[in-house]
Amino acid sequence: MSIILEAKNINKSFSGVKVLKDVHIEIAEGEVHALMGENGAGKSTLIKILTGAYTKDSGSILWEGKEVEIGNLRDCQSLGMACIYQELSVIPVLTTAQNIYLGREPKIGKTGFIDYKKMNKMTRELISKYEFPLNPTDMVSDLGIGLRQLIEILKGLSCDARLLIMDEPTASLSGKESEILFETIETLRNKGVSIIYISHRLEEVYRLADRLTVLRDGVNEALLTKEEIDPGKVIRLMIGKEVDESEGSAKKLVKNTNEVVIKVKNLTSRGKFEDINFEVRKGEILGFGGLIGAGRTELVRCIYGADRYTSGNIYIFGKKHVPGSTRKSIKKGFGFVPEDRRGEGFIPLLSVNKNTAITNYDLISKKLMAISSKEELEMCLSSIEKIDIRPKDPDKQVGLLSGGNQQKVVIGKWLMRELKVLIVDEPTAGIDVGAKEEIYRLLQALAKSGVVIILVSSDLQELLRISDRILIMRKGKIVKEFSEETVTQADILEAASGLRQEESE
Amino acid sequence: MKSKADIKKYSKLLILAVFILVLTILKPKSFPTVGNISNVLWSISVVGILTSGTIFTLLLGGIDLSVGSLMGLSACITVLIIQKFGFSNQGVIIGILCALLIGILAGCFHGIVVTLCKVPAFLVTFATQSIFLGISQVLTNNKIISCLEPDLFTAIGLGRIGPFTFPIYLMIMIALISFYILNKTVLGRYVYAVGGNAEAAKNSGINDKTVSVLGYIFSGVTASIGGVVLASMTQQGMASTGSGYETDVITAAVVGGISLTGGEGKIQDAVIGAILVGLLNNGMNLAGVPSTHQGLIKGMVIVIAVAADAAGKYEPGFKLFKVKKGRKTG
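Those sequence lines, one after another, are chains G and E. Per numbering that gives the first Met the number 0: the first sequence = residues 0 to 504. Per numbering that gives the first Met the number 0: the second sequence = residues 0 to 329.
Just so you know, the hints here were simulated from the structure itself, not pulled from any lab data. Do not take every clue at face value.
[Claimed, not checked] The calculated DSSO-like cross-link candidates involving lysine-lysine, where the alpha carbons are at most 27 Å apart (straight line), are:
{"no.": "1", "chain 1": "G", "residue 1": "Lys327", "chain 2": "E", "residue 2": "Lys183"}
{"no.": "2", "chain 1": "E", "residue 1": "Lys208", "chain 2": "G", "residue 2": "Lys319"}
{"no.": "3", "chain 1": "G", "residue 1": "Lys154", "chain 2": "G", "residue 2": "Lys117"}
Just chain G, same shape as in the assembly (with noise of 0.2 Å):
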């Protein structure tokens, strides 16, 4: 087994902060090789220096044994490393073989003409060489997303590419368009191509992987080897085991006794997630566990009406309720932090005061309908006093403050309604740590004084910390429900990665 790649000592700060300390991996020839971690454990960091994107802080890399220097995408792709990306870069106009060799086509002698018959001859070669289920001639954009990013890693081959970085490759793929991948990677591994593979579906790397690379806080976690590779322990080493211990939960427990306020049963939109039952009672926060397109986003968008669902039922106190449109569902007593806050929370050319009372203008009386400034201005004041919103300026454009006080506007406008079900999804994404406690704070400061909060988040500590309960989903569905104090990281990882359902099976 002849070592292709390897990165000895890699580290790197971020303005003082520590990202990586000492890593190192290394890569054989023909081996997929799985890269894992939480998030911020520093993967994606790395992969970055490796194809040049970062510069590091010491260490050195090797390709064949021999030091190299990566400075930008072009070394690598010399090298013979190419990335596929999350996000692809096919032109859906082109065909395959127009987009392998987009740039370098091949021309008619020196006319400057391309020639087409060569190029779809050697993109059918390349196909039949990796048995990709690919045709030369097929326009892009009649292909899904799966067979579009076979394209992607064709054409990092069609450069004689021999390790592949794929980082998640799967987020956006259907089962069926994920078999096709698996496939692909196991001829690519035969025919002697290394994988450097990023995923969090746990199932996932454990088919794939021959090796696994674990990283914690920016430190090598652990190397195992195909035989040692055990889903218990790899979770264990990705959270850690002292975090697994000391944040366990802090349950509050909503009693049985409460008013249920929301009611969801057999919510169904086609395509996005499938039947979903739940109810939620006064005060309590419920938690929604699951990997990035697990349905939680489009399911809790539904509910508080801002896309649509195909078929089922949302019940307020006992009476249907048809969120027909935003507005109808915030008369209710809804509000709604959505989980892209730059493109959807908020207005970043208005100031804090437009972006709060954008939602309360039935709050604000109005003379011959023009809106009483004083009183638009005091409701921004209230808001900013009591979240704290920095600087207190109310005629600070909402655009130029910081991630976290952005949250916060976005936020506080909620806050000058009388709430019944606040949906927050994703609320301390990209938030610093003070930020994050803050927002903590408010969140169950709201579920005391009895509103519902309906929490989307990605961050297991965040959800076991605040939740009272979690419902996990997975693929469109609710496959998992946690009540009890004893829940942990591992436990919600498992669920949500679907691994503890397929052991059972």
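We have chain G already, so just place chain E on it with the hints.
Same frame as chain G, now just chain E:
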């Protein structure tokens, strides 16, 4: 820091003052005369009226290219109805009401196609530009229809109150209404919100579609009013009455700093933009720039204004983000 912000705030007025000063120095005999000033204001008034309505579509992140030919259509319909009613006062009132109705309907159509069919505003209004012109040509048989009577009609464009003609007052009134709506009412706030980030506006409980349709209706109505005023000023109706006004209106808005991507801009600045465009036209006439060259110069002004606006946006700390479309799932 404070003084810098102040300069930014009053930069438009500053440019206006400089412009007037330059014209006064260059043409001391012909520019600062009562006759010429009143002339300038007269021509500004129509652009000002239109800009006060079209600004809604621009703030929403759309555009209305049909205003010029909608003016023509309103002018033709008003004049035809007045003719039909034997040039009576009754005909004037019905004519104006019909013109306003046309404006509302046109706006509704634009708004609905843009919001429900998700066709870019540019394309919809580009198409209706040609449709409205076509309807006017069919209605008038492509002839000029004069309308010298009754006095009630001619007074709209030519009547004087004090030193100024009536359209000036009309422009001020409409600009004030626009100012009031945009700055004081909930609808105004919603216009800025939808134009600034439609998804966030929707998540905040705003019916973005209704707001958009209303915006296009405002634009249509002001175009109709402009058409009636222009018909009265020229005492005639013809299909091409308002042609080219869309360029003046967009120039005025852009010079006034209205962002064509939506969500940003003030009505007062747009009115100053309209005045600047009026002065530019007047200055070119006084300087003897042949009309063949004027379009060229106006086009260049648009490019310079837009480029300056875009350059300003990349100043550090000003506005470096774009509203992202689409979203991740989780």
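Hints, verified against the model:
As the CA atoms of Lys327(G) and Lys183(E) are separated by approximately 24 Å, the hinted pair is consistent with the 27 Å bound. At roughly 26 Å between alpha-carbon atoms, Lys208(E) and Lys319(G) fall within 27 Å of each other, so this suggested pair holds. The hinted pair formed by Lys154(G) and Lys117(G) meets the criterion: a straight-line CA distance of about 16 Å does not exceed 27 Å.
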